[in-house]
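Q: What follows is each chain in one-letter form.
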Amino acid sequence: MENHRFRTTRRMILSRGLLAPFVALMLVSAILVYYFASYSRDQVETALVRIASDHRHLVDQFLDERASDLRFAAASCRMEDISNEAGLTELFRNLQAGSEAFFDLGVFDETGNHLEYVGPYDLAGKNYADTEWFKAVQQEGLYISDVFLGYRKIPHFIIAVRRHEGDRTWYLRATIDTLSFNGLVEGIRMGQTGEAYLVNRKGILQTTRRSGGQLMEPDPDFRTYVMDDEDVTSFSAGQRSEQRYLYATAPLGHVDWVLVVRQEVGDAYGSVTHAVVIAVAVILIGGAVAGFMAYLLASSVANTLALADMEKQQIKSQLIVAGKLAEVGEMSAGLAHEINNPLQVMQSELTMIGDMVADIESDGESADKEKLGLIKDSLDQFRIQIARCSRITKGLLDSVRKTEPSMKPLKMQDVLPEIISMVANRATVADVRIIEQLDRDLPPIMTDSSQLQQVFLNLLNNALYALKDRDSAEIHVKAFQENRSIVVSVEDNGCGIPRENMEKIFVPLFTTKPPGQGTGLGLSTTYGIVKAFGGNISVTSEPDVGTVFTVSLPLESPRVRTSTN
Amino acid sequence: MPSIHLLLVDDEERFLTTTRKLIEKRGVTTFIASNGVDALKVMGEHPIDVVVLDVKMPGMDGVEVLRHIKLKHPLIEVIMLTGHASAESAVEGLKLGAFDYVTKPYEVSRLMEKVEKAYAKKHAMEEKIRKAKIERIIGHPMAVFESDAEDE
Chain G
1 MENHRFRTTR
11 RMILSRGLLA
21 PFVALMLVSA
31 ILVYYFASYS
41 RDQVETALVR
51 IASDHRHLVD
61 QFLDERASDL
71 RFAAASCRME
81 DISNEAGLTE
91 LFRNLQAGSE
101 AFFDLGVFDE
111 TGNHLEYVGP
121 YDLAGKNYAD
131 TEWFKAVQQE
141 GLYISDVFLG
151 YRKIPHFIIA
161 VRRHEGDRTW
171 YLRATIDTLS
181 FNGLVEGIRM
191 GQTGEAYLVN
201 RKGILQTTRR
211 SGGQLMEPDP
221 DFRTYVMDDE
231 DVTSFSAGQR
241 SEQRYLYATA
251 PLGHVDWVLV
261 VRQEVGDAYG
271 SVTHAVVIAV
281 AVILIGGAVA
291 GFMAYLLASS
301 VANTLALADM
311 EKQQIKSQLI
321 VAGKLAEVGE
331 MSAGLAHEIN
341 NPLQVMQSEL
351 TMIGDMVADI
361 ESDGESADKE
371 KLGLIKDSLD
381 QFRIQIARCS
391 RITKGLLDSV
401 RKTEPSMKPL
411 KMQDVLPEII
421 SMVANRATVA
431 DVRIIEQLDR
441 DLPPIMTDSS
451 QLQQVFLNLL
461 NNALYALKDR
471 DSAEIHVKAF
481 QENRSIVVSV
491 EDNGCGIPRE
501 NMEKIFVPLF
511 TTKPPGQGTG
521 LGLSTTYGIV
531 KAFGGNISVT
541 SEPDVGTVFT
551 VSLPLESPRV
561 RTSTN
Chain B
566 MPSIHLLLVD
576 DEERFLTTTR
586 KLIEKRGVTT
596 FIASNGVDAL
606 KVMGEHPIDV
616 VVLDVKMPGM
626 DGVEVLRHIK
636 LKHPLIEVIM
646 LTGHASAESA
656 VEGLKLGAFD
666 YVTKPYEVSR
676 LMEKVEKAYA
686 KKHAMEEKIR
696 KAKIERIIGH
706 PMAVFESDAE
716 DE
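Chains G and B, in that order, give the protein sequences. Under our numbering, residues 1 to 565 are what the first sequence spells out, in order. Under our numbering, residues 566 to 717 are what the second sequence spells out, in order.
To be clear, the hints were calculated from the coordinates, so they are not data collected in a lab. All values reported here derive from a predicted model rather than from experimental measurement. Glycine included, each C-beta is placed from N, C-alpha and C at the ideal position. Check each hint, because a few of them may be wrong.
Computed list of lysine to aspartate or glutamate pairs in EDC-like fashion (alpha-carbon distance at most 20 Å, straight line) [stated by the list, open to error]: (1) G/Lys376 x B/Glu672; (2) B/Lys590 x G/Asp355; (3) B/Lys590 x G/Asp256; (4) B/Lys590 x G/Asp359; (5) B/Lys590 x G/Glu349; (6) G/Lys394 x B/Asp603; (7) B/Lys586 x G/Glu349; (8) B/Lys586 x G/Asp359; (9) B/Lys586 x G/Glu338; (10) G/Lys394 x B/Glu610.
These stretches of chain B come out as covered by chain G in the derived footprint (C-beta under 8 Å, 3 or more residues) [stated by the list, open to error]: (11) 594-601; (12) 663-672.
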């Protein structure tokens with residue numbers, strides 16, 4: 001019951017004390033993480049866009065340069081000059097001097113006949129009129145193909161330019177080795193997963209993708225891309241359900257290719273994740289420490305409260321007991337008084353009968369001596385029993401209402417030895433040691449010596465009774481000052497008081513002694529006297545260990561409660 | 566010693582009659598009253614020496630009756646009957662001029678001792694007053710008329 005209440009209190013303090021800061025902390029953390037995450041995302045996106053944009057320029061520039069190289073080469077010579085091996089080879093050398101990316105070179109007339117070729121393959125003499133690239137360059141004047149793997153399995157693409165020379169039109173076609181500009185794209189790295197690659201508008205990879213995807217293979221993610229015709233676009237898209245990427249796409253100027261730069265979200269948010277992990281760790285550790293401290297605090301507070309509560313209960317029960325005692329006292333006083341009147345009548349009648357018996361006896365002969373004797377014997381018994389009743393009622397009245405005390409300043413250290421000496425003989429006979437521990441310099445208190453004597457005689461008698469037939473029986477009588485009171489304790493190591501009797505011991509007529517041996521008025525009288533002196537009496541007892549009665553009497557001269565009607 | 570005139574006041578009828586018989590046997594003229602009003606009436610009609618007065622009675626209680634007695638008949642001695650020495654205002658009774666108190670239950674003989682003492686005190690007091698009067702009359706013969714007036 002007590003424990004349960006203690007736990008409830010502690011839980012209440014804990015939950016209320018921890019909940020508010022915890023919620024606030026979580027809110028702050030969540031907000032910080034959110035803003036940090038969106039900031040990081042912005043940063044990553046910006047970086048992706050910048051890289052995409054920069055590298056688009058590089059690739060565009062490369063393509064531009066190669067196209068310009070070719071145009072310039074075409075413009076700088078006539079068809080006759082390069083329709084032979086020597087001329088074309090020279091031109092090819094010049095081009096290669098400008099850029100090693102040039103892989104081969106061919107000249108075509110306007111009908112698509114391959115006039116001359118410089119390069120590793122034997123391509124001269126073929127007609128290309130129906131090929132896609134030839135049609136395109138016929139129309140556009142410039143054609144840049146998608147990447148393909150040549151016979152040597154080296155990624156290539158071709159650039160073809162148209163040349164109007166007088167009324168003739170001819171075409172120059174060069175194959176570009178993409179290794180050199182692949183490096184521009186494939187070399188891009190960001191974090192663990194950041195990469196860049198080129199893909200054409202049909203979704204065919206134009207460069208190798210580091211995270212998987214060979215040249216010329218279709219890009220499995222292509223459908224998820226968001227692309228603009230001109231501008232760099234950033235977005236996030238999922239590849240597989242658990243893996244999400246941040247993307248930036250940049251369409252190239254001259255070819256239908258798109259430069260894709262992407263980074264895994266997890267990687268992009270690496271610092272955020274790191275921060276969150278640290279924050280969570282701090283919150284967990286800090287929370288554990290705070291929780292532990294709060295637990296200790298709550299425990300001690302709950303403990304204090306439980307103690308206070310227990311004290312309150314104790315005081316309450318003491319008050320109830322005191323109230324009950326007062327009530328019982330009043331009642332028994334009234335009862336005693338009411339019984340005294342009929343006792344008085346009986347006493348009078350008895351006296352009269354006694355007189356009459358005496359008359360009959362003195363009358364002489366007619367009386368039956370034997371019967372008269374029996375009657376007198378019976379009358380004596382009446383007298384004895386009336387006297388006994390009278391003692392009880394007197395005791396009851398004494399226990400509640402005191403005769404006018406004659407107050408004198410008395411020192412406990414002087415009074416107690418006298419009282420103890422009164423029971424000393426009986427103690428010796430019963431083999432009980434009485435040990436006095438009285439402070440020698442206690443101040444005097446105003447009290448009535450005969451009533452005080454009654455109080456401590458009662459306590460000593462009870463102690464002696466409790467020590468009957470016990471080994472190493474001892475009574476400790478202590479007197480000391482505590483605050484503004486003189487405290488006297490009478491402690492025995494006797495049989496103790498059973499728990500169920502503890503509340504009743506001060507009740508008038510309550511006794512555990514056999515009938516006729518005790519009136520049950522000793523402790524109630526003691527209680528009445530101590531209360532009348534403005535003092536207090538308390539008892540602690542443990543069965544078979546002993547009992548301590550503690551009487552405290554105030555130093556201040558008490559206003560003695562004198563008798564009232 | 567002339568016969569004592571005793572008034573017994575108690576609300577217990579049987580107690581009154583029995584005690585009266587017991588006391589009369591001892592040669593004391595006894596009157597009885599079962600409440601304060603009757604008691605005061607009896608005192609007005611008969612020369613009473615000693616009153617034995619129960620403290621606790623319905624209506625006018627013993628202490629109040631005592632007050633009236635001391636007001637009207639200051640020479641009459643009163644013995645309080647009480648269930649308990651202090652509780653039943655015996656002390657207050659003593660302060661108000663009661664001669665003594667007896668706690669119930671008591672033996673008639675014990676009561677009679679006190680009654681006799683009370684009577685002796687009253688007698689001595691009356692004796693003193695008479696002597697004083699005589700001395701006064703001797704000194705101032707005219708005082709006879711004063712004292713007569715006083716007696717009424």
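Q: If a hint holds in the structure, say so; if it doesn't, say that too.
A: Right, here's what the structure says about each hint:
The straight-line distance between the Cα atoms of G/Lys376 and B/Glu672 is roughly 16 Å, inside the 20 Å bound, and the hint therefore holds. Taken as a hint, the B/Lys590 and G/Asp355 pair is honoured in the structure, with Cα atoms around 9 Å apart against an allowance of 20 Å. For the hint pairing B/Lys590 with G/Asp256, the CA-to-CA distance comes to about 154 Å; that exceeds 20 Å, so the pair is violated. Restraint check for B/Lys590 and G/Asp359: satisfied, since their Cα atoms lie roughly 12 Å apart, inside the 20 Å limit.
For the hint linking B/Lys590 to G/Glu349, the alpha-carbon distance of about 14 Å falls within 20 Å, and the restraint holds. The suggested pairing of G/Lys394 with B/Asp603 is violated, with an alpha-carbon distance near 30 Å, which exceeds 20 Å. Of the pairs offered as hints, the one joining B/Lys586 and G/Glu349 holds, with about 10 Å between alpha carbons and a cut-off of 20 Å not exceeded. The suggested pairing of B/Lys586 with G/Asp359 holds, with an alpha-carbon distance near 14 Å, which does not exceed 20 Å.
Note on B/Lys586 and G/Glu338: the hinted pairing is violated, with a Cα-Cα distance of about 24 Å set against a maximum of 20 Å. Between G/Lys394 and B/Glu610 the CA atoms are separated by roughly 37 Å; this puts the pair beyond 20 Å, and the hint is violated. A stretch counts as covered by a chain when three or more of its residues have a beta carbon under 8 Å from one of that chain; for the region 594-601 of chain B and chain G the count is 0, and the coverage is violated. With a threshold of 8 Å between beta carbons, the proposed coverage of the region 663-672 of chain B by chain G holds, since 5 of its residues qualify and at least three are required.
Hint compliance for this structure: hints 3, 6, 9, 10, 11 are not met, and every other hint is.
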